[in-house]
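With chain A held as given, fit chain B onto it using these hints.
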Amino acid sequence: MLRAVREIEGGIRLSLNAAGRLPVLRKPPILESFLRQVYFTGVTASTGVVLRASLLGVLIIAITMDVLDADVDLAVKILLLVVFREVGPLAAAVVIILRSGTAMSAEMAMMRISGQTRALRYMNIDLYDYLVVPRVAGVMVATLALTFYIQALAVAGGLLFSPFIIEASFMELASRLFDLFSPVDFYYSVIKALLFGFAISACCCYHGLNPPDLTQNAVPKVVTRAVTQCAMLVLTINAVFAYIVFGILFFGLVKATV
Amino acid sequence: MSAVLQSEARAAPQLALRYARHGKREIAIDVPAGSVQRLELPDAASRSAFVTAVLKARCEADEELELFGQPVKNLSGRARQKLRSRLGALSPIVGLINNLNAWENISLPSAYHGKPSLAEVATITQEVLDVFGLEPRTFLARVPDELGRLERKIAAFARLMIAGPELAIIESLDDGLSRAECARVAGFEQEYRRRHPAGTLIFVDIREE
Numbered sequence: 001m002l003r004a005v006r007e008i009e010g011g012i013r014l015s016l017n018a019a020g021r022l023p024v025l026r027k028p029p030i031l032e033s034f035l036r037q038v039y040f041t042g043v044t045a046s047t048g049v050v051l052r053a054s055l056l057g058v059l060i061i062a063i064t065m066d067v068l069d070a071d072v073d074l075a076v077k078i079l080l081l082v083v084f085r086e087v088g089p090l091a092a093a094v095v096i097i098l099r100s101g102t103a104m105s106a107e108m109a110m111m112r113i114s115g116q117t118r119a120l121r122y123m124n125i126d127l128y129d130y131l132v133v134p135r136v137a138g139v140m141v142a143t144l145a146l147t148f149y150i151q152a153l154a155v156a157g158g159l160l161f162s163p164f165i166i167e168a169s170f171m172e173l174a175s176r177l178f179d180l181f182s183p184v185d186f187y188y189s190v191i192k193a194l195l196f197g198f199a200i201s202a203c204c205c206y207h208g209l210n211p212p213d214l215t216q217n218a219v220p221k222v223v224t225r226a227v228t229q230c231a232m233l234v235l236t237i238n239a240v241f242a243y244i245v246f247g248i249l250f251f252g253l254v255k256a257t258v
Numbered sequence: 001m002s003a004v005l006q007s008e009a010r011a012a013p014q015l016a017l018r019y020a021r022h023g024k025r026e027i028a029i030d031v032p033a034g035s036v037q038r039l040e041l042p043d044a045a046s047r048s049a050f051v052t053a054v055l056k057a058r059c060e061a062d063e064e065l066e067l068f069g070q071p072v073k074n075l076s077g078r079a080r081q082k083l084r085s086r087l088g089a090l091s092p093i094v095g096l097i098n099n100l101n102a103w104e105n106i107s108l109p110s111a112y113h114g115k116p117s118l119a120e121v122a123t124i125t126q127e128v129l130d131v132f133g134l135e136p137r138t139f140l141a142r143v144p145d146e147l148g149r150l151e152r153k154i155a156a157f158a159r160l161m162i163a164g165p166e167l168a169i170i171e172s173l174d175d176g177l178s179r180a181e182c183a184r185v186a187g188f189e190q191e192y193r194r195r196h197p198a199g200t201l202i203f204v205d206i207r208e209e
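Listed in order, the protein sequences are those of chains A and B. Per my numbering: the first sequence = residues 1 to 258. Per my numbering: the second sequence = residues 1 to 209.
Misleading hints may appear alongside valid ones.
[What the hints assert, rightly or not] Derived DMTMM-like pairs (lysine to aspartate or glutamate); straight-line CA-CA distance at most 25 Å: (1) Lys115/B to Asp126/A; (2) Lys73/B to Glu104/B; (3) Lys56/B to Asp30/B; (4) Lys24/B to Glu189/B; (5) Lys56/B to Glu166/B; (6) Lys24/B to Asp43/B; (7) Lys73/B to Glu127/B; (8) Lys27/A to Glu63/B; (9) Lys56/B to Asp213/A; (10) Lys56/B to Asp126/A; (11) Lys56/B to Asp205/B; (12) Lys77/A to Asp66/A; (13) Lys24/B to Glu63/B; (14) Lys24/B to Asp62/B; (15) Lys73/B to Asp126/A; (16) Lys82/B to Glu64/B; (17) Lys27/A to Glu104/B; (18) Lys115/B to Glu32/A; (19) Lys77/A to Asp213/A; (20) Lys115/B to Glu104/B; (21) Lys115/B to Glu208/B; (22) Lys24/B to Glu208/B; (23) Lys115/B to Glu127/B; (24) Lys82/B to Asp126/A.
If you're looking for bench data, these hints aren't it; they were derived computationally from the structure.
The following block holds chain A by itself, in its conformation from the complex (with noise of 0.2 Å):
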């Protein structure tokens, strides 16, 4: 218990710090680290995901209509509300978790266990600015282009491969698509995934700065530690994300009657 009231404190800690440093982008090391935090995390997975997530729109569409039977327009409908606003932003969480949030906690419980964090530290060199900052926000960036890239791709997938096994023309799922779609849409993913990279880039630099001992056993324990606990966090920003959007702003609070 008090260990999680610790890792709750620390990574608030950590990501005021790192939220409150981002103009350190600047500096050119930083930057550096931080291109390079881009291109890992969202350039070299984007190849992996490309069949996945095309496939995922055919899906959607070819089940919602035949087990549900529903006509087009529910079909593009779900298309929307399925791949903007859940699937994309999760499946880019999930993919930026394994590869990335993985990598990143091993590589940084790496520096702390063999003294390269302290080497820094004698360098005057500020851990948050030099580790954390480009880190966060590269992931942040990559979820976010990542999670537009899944999204192009289902929607793309399911408009162009959809009309061969269900009744329904490229044209006619395309122009329901154009005209459905609201910017509602668009800020909900942009805002969802940019929270979910904050979220997972915090929780893996946290645990990869504080691993429970210095000894090489520790990292396997922070990576699942981090890995973990990434998912939990990520599961509860959507469950509370849809709550405030969905609940709240369009239905108001839910008042029990007696």
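Relative to chain A, chain B alone:
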């Protein structure tokens, strides 16, 4: 009277460092400013405690430390930081960063702090590598795991020369080096002296018993 005291103070050599450790193994070290000293401490723990205390400009309860005539106990955070910027070390505790190549390691502090300029860093690095007969293009592109012990020490030394500390500590210089390599790193003292004629250099090692 005061004139006499002043002239005596002027005559006495100014100390760059005064360190004392009480307890089982008493240690007392005085290092005059501008000198080159070779210290042999009784064990690895004492060596590590000494180097850590100096680099942090902070000492434990059983230690006393003065840097450039200034006791480090009760120093404010800013004063301590200022003092630390005058110190540097070539030591395993200030090692290289594993995921950066040699050039990035050498230029990291100056790129972060904004001084000296990268052009100056490149010039100093080139000069240091020339002295030790290393080919810059291949050497600087390698990450620390691809460098030998001697090469890692030279990279760390180049970084130290760029920082140009008034007080430099070189810890266990010969550790893990062959006899031929030891002869090459002996040139560190001359190179440091050439670049920082008024600087203080301390070689720290463990006494062999």
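Point to revise | In rising order, the numbers of the hints this structure does not comply with | key: Hints 2, 4, 7, 8, 19, 21 are the ones this structure does not satisfy, whereas the remaining hints hold.
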